[in-house]
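Numbering (the working numbering), first residue to last: 1 to 489.
In case anyone wonders, no lab produced these hints; they're calculated from the structure.
Computed from a predicted model, the values in this text were never measured in an experiment.
Don't be surprised by glycine CBs; every beta carbon is placed ideally from N, CA and C.
Wrong hints could be hidden among the right ones.
[Stated by the list, open to error] No more than 25 Å apart at the CA atoms, straight line, and that leaves these computed lysine to any residue pairs for SDA-like:
#1 227 / 182
#2 144 / 154
#3 227 / 176
#4 227 / 281
[To be verified] Simulated restraints on C-beta separations:
#5 168 / 418: 53 to 61 Å
#6 150 / 270: 41 to 49 Å
#7 210 / 418: 38 to 46 Å
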Amino acid sequence: MCENPVVKQRRFRTSSDRQRISPAFRCTRIRNSMSKHRASSAVPAPRRLKDRLLGDRRRFLQGVAIGGGLAAVGVAGYWFTRDTETSSTTPEAAPETTAGASASPSPTPTPGGAGAGDNARVDGVEFERGMLHTAADFERMAEKVEAGESPWIDGWNRLTANGRSAADWSPRPLETVVRGGDGDNVGQMFTDIHAAYQNGLRWKISGDEAHATAAVDILNAWSASLKEITGNADRFLAAGIQGYQAANAAELVRDIDGFELERFQTMLTDVFYPLNDHFLNDHNDACVTNYWSNWDLCNLNSVLAIGIFNEDEGLVGRALDYYENGEGNGALKNAVPFVYDDEGLAQQQESGRDQGHSLMATGLLGSLCEMAWNQGVDLYGMDDNRLAKCAEYVARYNLGQDVPYTEYIWYNGQDCRYNEQTQISAAQRGQVRPMWALLYHHYAGRQGLSMPNVADIMAQNGPEGGGGDYGFGSGGFDHLGFGTLTHAR
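Generate the whole structure from the sequences, applying the supplied hints.
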């Protein structure tokens, strides 16, 4: 894989041959890789990213006949699906399992035109255009908003009422961003990134070029200025959260004349990714389980988003591999450590800490899965829809209902000291965050699964807003939001 990938070719295609693969099918050279792939002297025939990631594991499917409609075959506990009709060392002791809970297994285009129907070929691999949103998504949004249909028009009204979506937004770029400690100024960065994203959304849906210009100006200002993200340990949160958000904002306008694409790609790889890499490698020199799941998850989101935006197969493969096999709390088996199959629920790793962070982590799980889904990789379905059960658990408790809880044991600090949480935390119970619609509309909308608790909390919270609608601290900007508008089906 080239260190600085360049788009070789773009072409349009239909979605008739789209398929979903589980990360368990990745080629063995990606497994356990912790760095970018080196460039190969031979350029292989172009293959879509999802097919490239299948690699040598395709031999497991020999002899399996896949018929019409949706067929699936399980390998290594996960699922390879094809829809022919439509588009380091673990801790010495693990938490014990109580009755009823099962622990984790140990294994200038037109608006809407730059989406998953538009591919980029790089180094023989075709990446799908789109991260959190695809061309088909924008076509749906524009059609529904123009028709004034709910809930899309309700989400649109929240977007246009948000001051950060104004076309006259003035960016305030910085050379050095600080999160945590003296000189904290990260608010300037996350506010501008949300302004770029919101203006990009307004352009993609309405076609108003003033919003495209605003988004481009904001992103260009930052790529021309930003050199460093620093601060205390919270700098890793800034690199993770704002890394994936910046890449998603830029994806909306990547093909517009005047957008400095290569400079923005360089900023992502030189400023954001090194911190993502450092954190996922050694967790700030602490025990691998020291940091809560949201720390790993935001950095995984950033690695995946940068990999997609920069068309870097190595980064995409790294994020997928960590989610399945990583030792930190961002790996699915650790982020959702206990499953209650009889109740259709699963405990989130931060449930004993407080509900604000449990909600945050659940939302980050959703954004990671959605970006992978739009590249043809199904993380949502891993381990029998483990994330769906987690979402139901977190929603149910934050609706004021009881849920089961298993004592959670972990190790922290540099010396891996023993800690335990014996009961779920009621702190911040009922907090509102704009992250439910994405999860609901995948599991219920795409997959047809029953998600009663998520449906109830989504209805209770009303149409989702975005950055600036949920307070002005960093927590109010953890999610890009507007899921009612962008994900309703």
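Status of the hints after comparison with the structure:
Simply put, residue 227 and residue 182 have alpha-carbon atoms about 18 Å apart, close enough for the 25 Å limit, and the pair holds. As the CA atoms of residue 144 and residue 154 are separated by approximately 11 Å, the hinted pair is consistent with the 25 Å bound. Between residue 227 and residue 176 the CA atoms are separated by roughly 6 Å; this keeps the pair inside 25 Å, and the hint holds. Restraint check for residue 227 and residue 281: the C-alpha separation of about 22 Å stays at or below 25 Å, so the hint holds.
Against the hinted window of 53 to 61 Å, the Cβ-Cβ separation of residue 168 and residue 418 comes to about 55 Å, which satisfies the hint. A C-beta distance of roughly 44 Å is found between residue 150 and residue 270, which places it inside the suggested range of 41 to 49 Å. Taking the beta carbon of each, residue 210 and residue 418 are about 57 Å apart, not inside 38 to 46 Å as hinted.
In the structure shown, a violation is registered for the earlier hint numbered 7 alone.
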